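**Student:** Protein chains in written order, with the numbering used here: chain A, 544 to 648; chain B, 2 to 456.
Hints should not be assumed to be uniformly reliable.
As the list claims (entries may be wrong) - Sample of chain B residues with no beta-carbon within 12 Å of chain A, all distances over it, derived:
id: 1; residue: ASP20
id: 2; residue: LYS28
id: 3; residue: GLY29
id: 4; residue: VAL100
id: 5; residue: GLY130
id: 6; residue: GLU241
id: 7; residue: LEU358
id: 8; residue: SER443
What the hints assert, rightly or not - Under the rule of at most 16 Å between Cα atoms (straight-line distance), these lysine to aspartate or glutamate pairs were calculated in the EDC-like manner:
id: 9; chain 1: B; residue 1: LYS167; chain 2: B; residue 2: GLU455
id: 10; chain 1: A; residue 1: LYS547; chain 2: B; residue 2: ASP225
id: 11; chain 1: B; residue 1: LYS445; chain 2: B; residue 2: GLU311
id: 12; chain 1: B; residue 1: LYS277; chain 2: A; residue 2: GLU600
id: 13; chain 1: B; residue 1: LYS292; chain 2: A; residue 2: GLU603
id: 14; chain 1: B; residue 1: LYS7; chain 2: B; residue 2: ASP32
id: 15; chain 1: A; residue 1: LYS579; chain 2: A; residue 2: GLU643
id: 16; chain 1: B; residue 1: LYS107; chain 2: B; residue 2: GLU455
id: 17; chain 1: B; residue 1: LYS277; chain 2: A; residue 2: GLU603
id: 18; chain 1: B; residue 1: LYS167; chain 2: B; residue 2: GLU452
id: 19; chain 1: B; residue 1: LYS302; chain 2: B; residue 2: GLU241
id: 20; chain 1: A; residue 1: LYS588; chain 2: A; residue 2: GLU643
id: 21; chain 1: A; residue 1: LYS633; chain 2: B; residue 2: GLU272
id: 22; chain 1: B; residue 1: LYS75; chain 2: B; residue 2: GLU170
id: 23; chain 1: B; residue 1: LYS120; chain 2: B; residue 2: GLU143
Worth flagging that the hints you see were computed from the coordinates, not collected in a lab. The model shown is predicted, which means the values in this text are computed figures rather than measured ones. For glycine and all other residues, C-beta sits at the position ideal for the given N, C-alpha and C.
For reference, the chains in residue letters:
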Amino acid sequence: MKIKLLDIAHGRSGDKGDAANVGIIAYDDNGYNIIKKELTVENVKKHFAGICLGEVERFELPNLKALNFLLHNTLGGGGTVSLKHDAQGKTLAAALLRMEIEIYE
Amino acid sequence: MKEKIKIASGQGFWGDLIDAPYHQIIKGDIDYLVMDYLAEVTMSILQKQKNKNPELGYAKDIPELMKRILPLIKEKNIKVITNGGGVNPIACANAVLEVAKNLGIKNLKIGIVLGDNIKDNIDSFISSGAQLRNMETDESIELVKDRILSANVYFGAFPIVEALQKGAEIVITGRTTDTGLTLAPMIYEFGWSEIDYDLLSAGTVAGHILECGAQSSGGNFLGDWQSIPNMAEIGFPIAEAYPNGEVIITKHPNTGGRVSFETVAEQLLYEIGDPKSYITPDCIADFTSIKLEDLGNDRVKVYDVKGFPETEFYKVSCSYSDGYSAISTLTYSWPQALTKAKAADEILRKRLANLLLQFDEIKTEFVGYNSTHGPLAVQLDEENINEIMLRVGVRSHDYKSVERFGKEIAPLILTGPPAVTGFAGGRPKPSEVVAYWPALISKKLVNPNIEIIEL
Numbered sequence: 544m545k546i547k548l549l550d551i552a553h554g555r556s557g558d559k560g561d562a563a564n565v566g567i568i569a570y571d572d573n574g575y576n577i578i579k580k581e582l583t584v585e586n587v588k589k590h591f592a593g594i595c596l597g598e599v600e601r602f603e604l605p606n607l608k609a610l611n612f613l614l615h616n617t618l619g620g621g622g623t624v625s626l627k628h629d630a631q632g633k634t635l636a637a638a639l640l641r642m643e644i645e646i647y648e
Numbered sequence: 002m003k004e005k006i007k008i009a010s011g012q013g014f015w016g017d018l019i020d021a022p023y024h025q026i027i028k029g030d031i032d033y034l035v036m037d038y039l040a041e042v043t044m045s046i047l048q049k050q051k052n053k054n055p056e057l058g059y060a061k062d063i064p065e066l067m068k069r070i071l072p073l074i075k076e077k078n079i080k081v082i083t084n085g086g087g088v089n090p091i092a093c094a095n096a097v098l099e100v101a102k103n104l105g106i107k108n109l110k111i112g113i114v115l116g117d118n119i120k121d122n123i124d125s126f127i128s129s130g131a132q133l134r135n136m137e138t139d140e141s142i143e144l145v146k147d148r149i150l151s152a153n154v155y156f157g158a159f160p161i162v163e164a165l166q167k168g169a170e171i172v173i174t175g176r177t178t179d180t181g182l183t184l185a186p187m188i189y190e191f192g193w194s195e196i197d198y199d200l201l202s203a204g205t206v207a208g209h210i211l212e213c214g215a216q217s218s219g220g221n222f223l224g225d226w227q228s229i230p231n232m233a234e235i236g237f238p239i240a241e242a243y244p245n246g247e248v249i250i251t252k253h254p255n256t257g258g259r260v261s262f263e264t265v266a267e268q269l270l271y272e273i274g275d276p277k278s279y280i281t282p283d284c285i286a287d288f289t290s291i292k293l294e295d296l297g298n299d300r301v302k303v304y305d306v307k308g309f310p311e312t313e314f315y316k317v318s319c320s321y322s323d324g325y326s327a328i329s330t331l332t333y334s335w336p337q338a339l340t341k342a343k344a345a346d347e348i349l350r351k352r353l354a355n356l357l358l359q360f361d362e363i364k365t366e367f368v369g370y371n372s373t374h375g376p377l378a379v380q381l382d383e384e385n386i387n388e389i390m391l392r393v394g395v396r397s398h399d400y401k402s403v404e405r406f407g408k409e410i411a412p413l414i415l416t417g418p419p420a421v422t423g424f425a426g427g428r429p430k431p432s433e434v435v436a437y438w439p440a441l442i443s444k445k446l447v448n449p450n451i452e453i454i455e456l
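Whenever a hint applies, use it, and build me the whole structure from the sequences.
**Tutor:** Shown next as structure tokens:
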């Protein structure tokens, strides 16, 4: 069964220079196990192809059932230099929640 | 020692709800009001204002706000801490003192934290051994030294603590960490030492939760946002702090919004890097140690925070001039709105190329289609698109190229695809691009300096 990440998690994103930070929080422990397994650096990098032009770093926060990603070289030069409409990456957490995940029951 | 103190966030950025600090004061009891006015871009704007008029360079909202709240904070014994002094905290403090005089207030002590502004001493710092290399690219400061618009050290909580110890009722700082504004009253009231790293980290975490205003109390909440009650009258967050480092995040009763595990967790993840190493001038907080407990009724307990010793450096944020940019938009209606907008972009780019203009970047986005999620946007069915906004931005070190770009937009209305509108604002003028240069400087080289002025 395919689900959208949106169904099991929420999050918030913002800017850190030219990198965007994307925090994803699972609603429950089961959801956290899923995101820990599915949101690998490779999968996130692939999802953001054409948006994130640099490295992806991943950090775990089990205390919040959350993962934090740093997407380097993503914001078109950073907050004040960028010509992007979303120069601060505010909508990128929502963009990651678009991801479809295969769940095996 | 007080058993607990209540610290209220009154402003998440310069431009936030004007009435929020007033509501924090009148809708319930608080001990401290903290207000963050400074984003990175703000410092360069304030520096430009100060260059034109030496009496400016601070958040001008502050004297206006003080007219309204000074009698109340005197009556209720509420202390105010803000970094809205920008690049001219003394002028800001003098303006507040003037407001107090006009209100007939008899006595008032204002603490000013100075020493963060190093713009005029960069050469002497370099000759003292400060490299100020770019933290991200490792480039030499020499590349941008002649174009620097502002340069400020981020101080932490302790200079504010010193001002409070000297009796300040209002503390006005320049560049201070957002978290320091909230941590300082805890250190001051509970007598926390500068090596109590777990406690300093607990206060830092509380500061991170408060620093963006209502973003932790239901605003910009990506969970079930439609369930957040009464966002029109959203309550800003309040940290109820205890001497053992426990903090309860809450908001005043009878206000809108929500404080829950989810709303606080989202803010904890906002703009962080490695969660094990949240670096401030006061400590390094470990965000993976934070425990959150949702107590219900808009109360979330934050506890068990662990921390480590601070580094030997202050962060420096320099801004420098890096060319010019302009952005313009046109709106195309049904039918074939997206196709028309794409055709207009091609026509525009051909004209810019024919003119041999020099750009570092030309960026086209289609608002209503892909301006937020880029290649992740779902393909649209042309028949069902009502309208699309074409948004084109250019950036260049050649002013004339950017200026000419501004003159090539409006003509598209009469010389391009049909059913187009939305060019009412006139030609976009080139604006200066302000870029950032983050660096580190040894704490031994910079010292905060606290002044008190009083009535």
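**Student:** Each hint should be assessed against the structure and marked as holding or not.
**Tutor:** Results of checking the hints against the structure:
no.: 1; hint: ASP20; in the structure: holds (24 Å)
no.: 2; hint: LYS28; in the structure: holds (26 Å)
no.: 3; hint: GLY29; in the structure: holds (27 Å)
no.: 4; hint: VAL100; in the structure: holds (32 Å)
no.: 5; hint: GLY130; in the structure: holds (25 Å)
no.: 6; hint: GLU241; in the structure: holds (21 Å)
no.: 7; hint: LEU358; in the structure: holds (15 Å)
no.: 8; hint: SER443; in the structure: holds (22 Å)
no.: 9; hint: B:LYS167 with B:GLU455; in the structure: holds (11 Å)
no.: 10; hint: A:LYS547 with B:ASP225; in the structure: holds (15 Å)
no.: 11; hint: B:LYS445 with B:GLU311; in the structure: holds (14 Å)
no.: 12; hint: B:LYS277 with A:GLU600; in the structure: holds (13 Å)
no.: 13; hint: B:LYS292 with A:GLU603; in the structure: holds (14 Å)
no.: 14; hint: B:LYS7 with B:ASP32; in the structure: holds (5 Å)
no.: 15; hint: A:LYS579 with A:GLU643; in the structure: holds (14 Å)
no.: 16; hint: B:LYS107 with B:GLU455; in the structure: holds (10 Å)
no.: 17; hint: B:LYS277 with A:GLU603; in the structure: holds (9 Å)
no.: 18; hint: B:LYS167 with B:GLU452; in the structure: holds (9 Å)
no.: 19; hint: B:LYS302 with B:GLU241; in the structure: holds (9 Å)
no.: 20; hint: A:LYS588 with A:GLU643; in the structure: holds (14 Å)
no.: 21; hint: A:LYS633 with B:GLU272; in the structure: holds (10 Å)
no.: 22; hint: B:LYS75 with B:GLU170; in the structure: holds (9 Å)
no.: 23; hint: B:LYS120 with B:GLU143; in the structure: holds (14 Å)
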